[in-house]
Amino acid sequence: MPASAEKIQLVNPLVPEKGKIIKVLRETPDVKTFHVTTAKGKPFVPMPGQLAMLSLFNIGEAMFSVTSQGERHLEFSIKKTGLLTDALHEADEGQTIGIRGPYGNGFPLEMLKGKDLLFIAGGIGLAPVRSLINFCLDRSGDYGRMQVIYGARTPADLCFKEDLFQNWPSQGLEVNVTVDQGDENWSGPVGFVPSYLEELNPEPEGKIVVVCGPPLMIKFTIQSLDKLKFEHKAVVTTLEKRMKCGIGKCGRCNLGSTYVCLDGPVFTLAQLDQMPVEL
Amino acid sequence: MKAINSILIPQFLDALARETAVLAPVKNGGDVYFRPWQPGAEIQWEQNSLLPPKNALFPQTEVLYKYELQGQDGEIHEENPGAEPQIIFGLRNCDLQSINLLDKTFLSGDYVDPFYQARRKNTVLIVFNCHQPQLTCFCTSLGVDPQGGEGADLVLYELEREPAVKSVMLYETGRELGMEAKTGKGEEILKKYRDFFSDFGKKPRPFTSCTLHFKTEGLAEKLRKMFEHPIWADISRRCLACGVCTYICPTCHCFDIQGKNAGDQGYKYRCWDSCMFSDYTLMAGGHDPRPTKRERFRNRFLHKLAYFMERYGEFLCTGCGRCLAKCPANIDISYVVKKVKEAEINAR
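Same order as they appear, the protein sequences are chains X and P. Residues in the first sequence are numbered consecutively from 1, following our numbering. Residues in the second sequence are numbered consecutively from 1001, following our numbering.
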């Protein structure tokens, strides 16, 4: 035999682990939070901003950010927006689910140390940022003043209301919430995040901004941050793309020679300024 | 170094194929394909294959895992790569280089692809050096030596003093071909099948240059400044987005993961995908960061000529010429390069 069948170690990064949805919480009319665990407990320990591939075997697989974690489970807040997420929203506790990860770089924790932090999020964009907020609150001695600016379409669409209006303020976080359109019970600010941000007029000095939301919201928020004279190296964002492999091989999530799944999803604006950006 | 008479090649392949699966370029209809070698088959020496032998290492579809569902419950059954040893005989240096490039994608970095790795480890590559290009060949422009054999286990080549080959008949009536081992696996074959080989003292026949030629100095750097340039809209206008360029490309490796479900069981498979297809980057909810042909076309050429170079230090093109031979709209990568070189850069 000219070639012999060598023993190959079998660890396929594209094959998920079997997990289970152990809890489903409704956040808004189209967002639910899923608690996922595996037989060995937590499938892996993600850093804030890292991603995981979730799959329903007979439906499909997609990439989600981990919004929080417990001792034995990971939490994903997921908006109903396509084939897989529609099916996930139909799933009950006890549903078997495929999970693989963690993927991506996560937030630059070292860069944030000792700084004042301004978290800006729109809609479901609060999900990845929440992992970072909770991480920083648990180590509040390492960070300066922390502030959240968050907006959603309507008061009903605000995610993580308990965090926004109870948990975070009680831990010393300044939380500013706006909605695009109020209702009879809403007495807070009304308007889009970028204009609300300009109204609040935060001081750029000593501050790192973390921004996440729909592409348009990010685009206009960056314009507002420019007006407020925030430096691009002090603004961090996390991107979403269609992804299949999660490991920089299947091709589709690239920005130039950078793979969002592998080298991202978190980038500073200064980094994005150097890339051919297709957002 | 050894020599083998071309008349003995079919018997040599018969002998190899008795122990290991052999893929060889054979004629099928009007085209050449890599097919499992069978006694009586006829090697096609004259033209390169319609499709590269990429499929042998990175199959068009392959099952990753199977699953069973039982109500809410489910089980995953991972597939074993199970790559049987194989010999790819008669591939050209352009396609050999494409395997070196696939290696960079699938075998480097923190994540190794176990399916590709299993096949790659169990594959012997016998390259056939080119002495004469086809009209669409431009490997030398991209730094590929058509007689280089880099990454091959064995190199087969024509000899200097033989008359120019005009027809397949010359191979059938017998001519000496040089054979050189490049690796231990290659040595092993030469030793094991030594009865087919004679000792040899002649030089290889030189390569006559490609008619299609362009210089690539500064290309990647210039492209980096041309992201918003109007040439992408101009050239992509006639693209039909059929994806044939990506399908026949030896270096294209983008893939999709899809599922096939039947009742309470099914499987997930990986399959080739194309950056030219409209749903390639389409996200749930309808947003698409590359919404039109212009962005897809631009990404394809920038990936080949700039992005892969930035990431891995090489062009993701080996000059095999298949895409320009088969494009129904006559889009030609050498024309794109020409346009890029002529382009004036004002803004970004």
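Just so you know, the hints here were simulated from the structure itself, not pulled from any lab data. Source: prediction; values computed, not measured. The C-beta atom is built at its ideal place from N, Cα and C for all residues, glycine as well. Hints should not be assumed to be uniformly reliable.
To be verified - Facing chain P, from chain X, some residues (calculated, C-beta under 8 Å):
1) Val15
2) Ile22
3) Gly60
4) Thr81
5) Pro169
6) Ser257
Hint-by-hint comparison with the structure:
The interface hint given for Val15 (chain X) is met, as the beta carbon of that residue sits about 5 Å from the closest beta carbon of chain P, less than 8 Å. For Ile22 (chain X), the suggested interface contact is broken, since its CB lies about 12 Å from the closest CB of chain P, more than 8 Å. Restraint check, Gly60 (chain X) versus chain P: the minimum CB separation of about 7 Å is within 8 Å; hint holds. Interface restraint check: Thr81 (chain X) against chain P, minimum CB-CB distance 4 Å, threshold 8 Å, status holds.
Given hint, Pro169 (chain X) at the interface with chain P, is violated; its Cβ is 31 Å from that chain's nearest Cβ, farther than 8 Å. Here the hint on Ser257 (chain X) is kept, as its CB sits about 4 Å from the closest CB of chain P, short of 8 Å.
Comparing the model with each earlier hint shows violations of hints 2 and 5; every other hint is respected.
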